[in-house]
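Which chain is which? The protein sequence lines are A and B, in order.
Residue 128 in the working numbering sits at position 128 of the first sequence, and the numbers go up by one each step.
Residue 27 in the working numbering sits at position 27 of the second sequence, and the numbers go up by one each step.
Rather than coming from a laboratory, the hints here were simulated on the basis of the structure.
Just so you know, even glycine gets a beta-carbon here, dropped at the ideal spot from N, CA and C.
Hints may be right or wrong, so weigh each one.
[Stated by the list, open to error] One side only, chain B facing chain A, incomplete, derived with CB under 10 Å:
#1 L5
#2 I6
#3 S8
#4 G54
#5 I69
#6 E72
#7 R78
[What the hints assert, rightly or not] Sample of chain A residues lacking proximity to chain B, with all beta carbon distances greater than 12 Å (derived):
#8 K3
#9 I10
#10 I38
#11 S72
#12 G128
#13 F156
#14 A159
#15 G174
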Amino acid sequence: MFKGLLGKKIGMTQIFDESGAAVPVTLIEAGPCYVTQIRKPEKDGYSAVQLGFVEVNPKRLTKGQLGHLKKSELPPLRFLREFRAKSPDVQVGDKVTVEVFQVGERVDVVGTSKGKGFQGGVKRYGFGGGPKTHGQSDRWRAPGSRGAGSTPGRVFKGARGPGHMGNVRVTAQGLKVVLVDPERNLLAVRGSVPGPKGGLVIIKEARKQ
Amino acid sequence: MSDELIRSVEAPDNPNIPDLRPGDIVDVHVRIKEGKNERIQVFKGTVIRLRKGGNNANFTVRRIASNGIGVERTFLMRSPFIEKVVVNRHSQVRRAKLYFLRGRTGKRARLKQKFN
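So here's chain A without its partners, still in its complex pose (with noise of 0.2 Å):
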């Protein structure tokens, strides 16, 4: 069976299990989705689903975006995501709500995460810095040594240092479902999920099961 949501970040919380154990949750407005477009090997190459979320003023898309969502007879959709699946079981038009999902699954849940600006080495990759005594100055939150000497007399590419972090697609994988709401389009995973509340998430199954 396909499954696969796009939804929206709400935020965190805690909730009791049956148990009475205390679990942390994020809680995602997922759906209802429609299916846009199905991609098919002798078409386009690949399998995959298209789906659609978010209801929109039409004023808010281009015309070609339009004309895509009004050839299979769609409300104007805000964003549009493609899911690989091999022999995907709906048709163009379906509706696909959070009962997809039953509570204990694994899911992936694929965020944009916040973006931090330029940030040193110490944030971006953990990095020790420097000794904070001893004498030293200026060099608490140092990278260190970039490269060595005459050999090789460069800074080898991909080496981690200073830059630009965050903004960037993020995985979150195997979380549990916590809750299944299909009156309210509401889903709880277990733990956190990349990105600011009210991004785009996107829910897949689990790679790894």
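Given the coordinates of chain A, work out where chain B should sit on it, guided by the hints.
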């Protein structure tokens, strides 16, 4: 809107917990599961700390166990493990967090009773 959604999944307030104040001498009736059986254990002590925070609000009770060893236990206000809380008496205290009790033993660890 999103705050409402968050609140809607959180546990409701426990009606069997009265308003607590720092310095209250309380009995906390805690549900304990042993295998299949469930029983109630009473934890008696002084409320030394209250922390607000809606769903995450909690309070800490300090008691002196055998051999004069201080034991502190923190309870979530909305935890289903709490059957009820009984306030036996209030104390006259001048601060919100009674951490100073940790350094005191015996008669010096007493608090003046407040009548109202």
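Okay, the hints, checked on the actual structure:
1. L5: holds, 5 Å
2. I6: holds, 5 Å
3. S8: holds, 7 Å
4. G54: At about 9 Å, which falls below the 10 Å cut-off, the nearest Cβ of chain A leaves the hint on B:G54 intact, so it holds.
5. I69: violated, 27 Å
6. E72: violated, 18 Å
7. R78: holds, 7 Å
8. K3: holds, 22 Å
9. I10: The claim breaks: A:I10 does not keep its Cβ more than 12 Å from every Cβ of chain B (closest is about 5 Å).
10. I38: holds, 32 Å
11. S72: Since the minimum Cβ distance to chain B is about 30 Å, A:S72 lies beyond 12 Å and the statement holds.
12. G128: Nearest chain B Cβ is 33 Å from A:G128, so the label holds.
13. F156: Given a closest Cβ separation of 45 Å, the condition holds.
14. A159: holds, 41 Å
15. G174: holds, 22 Å
The structure is inconsistent with the numbered hints 5, 6, 9, although it conforms to all the rest.
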